[in-house]
Amino acid sequence: MSEQNGQMIGENELQAWADDRLAPERRSEVDAWLAARPEEAERVAAYRELNALLRTHFDAVLQEPVPDHLEAVARGTSRWRRAAAIAGWIVLGAAVGGTAGWELRALERAAPVAATPDGPVLAHRAALAHATYAPEVRHPVEVGADQEQHLVAWLSKRLGGDIRAPRLDAEGMTLVGGRLLPRDPGPVAQFMYQNAQGRRVTLYVRTEAPDQRETAFQYTREGNVRVFYWIDRKFGYALSSADLDREALLGLANVVYRQLNP
Amino acid sequence: MSDARSLVALIPRLRRYARALVGDRATADDLVQDTLERAWAKLHLFREGTDLRAWLFTVMHNVHVNRIRASRQTEMLDDEMPELAQRAAQGDSLMVRDLERAVAALPEAQREVLLLVALEDLSYEETARVLEIPVGTVMSRLARAREKVRALMSGKGMTKLQVVK
Numbered sequence: 001m002s003e004q005n006g007q008m009i010g011e012n013e014l015q016a017w018a019d020d021r022l023a024p025e026r027r028s029e030v031d032a033w034l035a036a037r038p039e040e041a042e043r044v045a046a047y048r049e050l051n052a053l054l055r056t057h058f059d060a061v062l063q064e065p066v067p068d069h070l071e072a073v074a075r076g077t078s079r080w081r082r083a084a085a086i087a088g089w090i091v092l093g094a095a096v097g098g099t100a101g102w103e104l105r106a107l108e109r110a111a112p113v114a115a116t117p118d119g120p121v122l123a124h125r126a127a128l129a130h131a132t133y134a135p136e137v138r139h140p141v142e143v144g145a146d147q148e149q150h151l152v153a154w155l156s157k158r159l160g161g162d163i164r165a166p167r168l169d170a171e172g173m174t175l176v177g178g179r180l181l182p183r184d185p186g187p188v189a190q191f192m193y194q195n196a197q198g199r200r201v202t203l204y205v206r207t208e209a210p211d212q213r214e215t216a217f218q219y220t221r222e223g224n225v226r227v228f229y230w231i232d233r234k235f236g237y238a239l240s241s242a243d244l245d246r247e248a249l250l251g252l253a254n255v256v257y258r259q260l261n262p
Numbered sequence: 263m264s265d266a267r268s269l270v271a272l273i274p275r276l277r278r279y280a281r282a283l284v285g286d287r288a289t290a291d292d293l294v295q296d297t298l299e300r301a302w303a304k305l306h307l308f309r310e311g312t313d314l315r316a317w318l319f320t321v322m323h324n325v326h327v328n329r330i331r332a333s334r335q336t337e338m339l340d341d342e343m344p345e346l347a348q349r350a351a352q353g354d355s356l357m358v359r360d361l362e363r364a365v366a367a368l369p370e371a372q373r374e375v376l377l378l379v380a381l382e383d384l385s386y387e388e389t390a391r392v393l394e395i396p397v398g399t400v401m402s403r404l405a406r407a408r409e410k411v412r413a414l415m416s417g418k419g420m421t422k423l424q425v426v427k
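In order, the protein sequence lines correspond to chains A and B. Residue 1 is where the first sequence starts when you use my numbering, and the numbers rise one by one after that. Residue 263 is where the second sequence starts when you use my numbering, and the numbers rise one by one after that.
If you're looking for bench data, these hints aren't it; they were derived computationally from the structure. The reader is advised that the hints may include incorrect statements.
Partner residues aside, some chain B positions facing chain A, computed with beta carbon under 8 Å [what the hints assert, rightly or not]:
#1 ILE273
#2 ALA282
#3 ASP291
#4 GLN295
#5 LEU298
#6 GLU299
#7 ALA303
#8 VAL358
#9 LEU361
#10 VAL379
#11 MET401
#12 ALA405
#13 VAL411
In silico negatives: residues of chain A with every beta carbon more than 10 Å from chain B [claimed, not checked]:
#14 SER28
#15 GLU29
#16 ALA35
#17 VAL141
#18 ALA145
#19 ASP146
#20 HIS150
#21 THR174
#22 GLY198
#23 PHE217
#24 TYR219
#25 ARG221
#26 GLU222
#27 ARG233
Note that beta-carbon positions come from the ideal geometry of N, C-alpha and C, so glycine has one too.
Work out the full structure: start from the sequences and follow the hints.
Below you can see the structure in the form of structure tokens.
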């Protein structure tokens, strides 16, 4: 702190002077104070000059074209957020036994949750299947999305039920295709999706025993693979990804769930 | 969605800050991407009527801190970063090279404060909120950051640099 005519000029005010953030009256007082102290004046002038240098140099970034992938992230994922909010309510509703709200009413049959003892096995096998096929560059799927009708009919027949491949295009995820996996204990279908950045998600669908209970979303992580899984009547589902974070995956899981339970 | 439009409009500002913060373009754009993804996941925490840009800087700050923690570079950042100096040496003026090197040499916490105030023109109070630190800490870090940059650039002399420019 320094004193001038009974005024205290503190370091904070000198910083504010450099940023030109003092009220005009106070600024004049600091100007006068600096006029009598060349060394201090040179120091704070250098600070002010640094501000100008930083802006001059880094303002060039503002003129650079925005990369497409950044713009896509900024605008393309809005549904994930809403879905994540809804999923939060589902989990909460399940935990407290269900309250009002259309999401919960629609999901009432899923409300009395109890983790199926087999759930962790489902998640584990889904994570393994994801880790096996998601990194595949040339043969990620058996049947490509260009033959989607055939794919769906084939998997439906093998799993003995009406299987559908959810549409995740609005979430930026395009269907790559699907494959049939070894029995677990029944036949298993795997659908693979990919976004514009090459990030992949797989949906693992298996037939459940007839008396299998329904569950709410559950989350687990195996290595670097995140998995949301649930059982709904005839089928057990697990959505896996090593590329998406938990929130994004939860958002997708919600969209899948709602599409499969219109 | 208006949220999406607002986010898209703010990308250049986020990129500018990220570039100054981490130095190279690829790392900076990664930071921006992670920030935008995080922002969507956390948008329900944003209070309508407050400054979206300041909020995004908060998100970016948290993402940045987590990334540093993950890569355990915290201590390294107290020293000069040789790869940044090398990159800047190609075709840039002396002034730009010295500026980038000096900013990169700052401890992380001081660099954030300096850039939010001097480059992004946030108020001291906004900066305090973004970094979740007291205003007094903002002021002391700002003073230390500026003095360190001045020391690193003196000898070349900042006033002389202005003439070069």
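Results of checking the hints against the structure:
1. Interface hint at ILE273/B: satisfied, since its Cβ lies 5 Å from the closest Cβ of chain A, which is below the 8 Å cut-off.
2. Against a cut-off of 8 Å between C-beta atoms, the interface hint on ALA282/B holds, since the closest Cβ of chain A lies about 5 Å away.
3. A hinted interface residue such as ASP291/B counts as satisfied when its beta carbon comes closer than 8 Å to some beta carbon of chain A; here the least separation is about 6 Å, so the hint holds.
4. The criterion of a C-beta within 8 Å of any C-beta in chain A is met by GLN295/B, whose closest approach is roughly 5 Å, and the hint holds.
5. For LEU298/B, the suggested interface contact is upheld, since its CB lies about 4 Å from the closest CB of chain A, less than 8 Å.
6. Interface hint at GLU299/B: satisfied, since its Cβ lies 6 Å from the closest Cβ of chain A, which is below the 8 Å cut-off.
7. With its C-beta approaching chain A no nearer than about 4 Å, ALA303/B sits inside the 8 Å limit, and its interface hint holds.
8. Residue-level restraint check for VAL358/B holds (minimum Cβ-Cβ distance to chain A is 6 Å; threshold 8 Å).
9. Interface restraint check for LEU361/B: the shortest CB-CB distance to chain A comes to about 5 Å, inside 8 Å, so the restraint holds.
10. Satisfaction of the interface hint for VAL379/B is found here, the shortest Cβ-Cβ separation to chain A being roughly 6 Å, below the 8 Å cut-off.
11. Annotation: MET401/B was flagged as interfacial toward chain A, and the flag holds, the nearest CB pair being 5 Å apart, inside 8 Å.
12. Against a cut-off of 8 Å between C-beta atoms, the interface hint on ALA405/B holds, since the closest Cβ of chain A lies about 6 Å away.
13. Residue-level restraint check for VAL411/B holds (minimum Cβ-Cβ distance to chain A is 6 Å; threshold 8 Å).
14. Listed as a non-interface residue, SER28/A keeps its Cβ farther than 10 Å from every Cβ of chain B; the least gap is roughly 21 Å.
15. Residue placement check: GLU29/A keeps its beta carbon more than 10 Å from all beta carbons of chain B (closest about 19 Å).
16. Every CB of chain B lies more than 10 Å from the CB of ALA35/A, the least distance being 18 Å, so the non-interface label holds.
17. The beta carbon of VAL141/A sits about 26 Å from the closest Cβ of chain B, which is more than 10 Å, so the claim that it is off the interface holds.
18. Listed as a non-interface residue, ALA145/A keeps its Cβ farther than 10 Å from every Cβ of chain B; the least gap is roughly 25 Å.
19. For ASP146/A, the condition that its CB be more than 10 Å from all CB atoms of chain B holds, with the nearest at approximately 30 Å.
20. With a cut of 10 Å on Cβ distances, HIS150/A stays outside the contact zone with chain B, its closest approach being about 35 Å.
21. The beta carbon of THR174/A sits about 18 Å from the closest Cβ of chain B, which is more than 10 Å, so the claim that it is off the interface holds.
22. Annotated as non-interface, GLY198/A keeps its C-beta farther than 10 Å from every C-beta of chain B; the closest such distance is 13 Å.
23. Under the 10 Å C-beta cut-off, the non-interface status given to PHE217/A relative to chain B holds; the minimum distance is some 16 Å.
24. Separation of TYR219/A from chain B is adequate, the least Cβ-Cβ distance of about 14 Å exceeding the 10 Å criterion.
25. No Cβ of chain B approaches the Cβ of ARG221/A within 10 Å, the least distance being about 16 Å, so the stated non-interface status holds.
26. At roughly 20 Å, the least C-beta separation between GLU222/A and chain B is larger than 10 Å, which holds for a residue marked as non-interface.
27. Consistency note on ARG233/A: stated as away from chain B, and its beta-carbon is indeed over 10 Å from all of that chain's, at 30 Å minimum.
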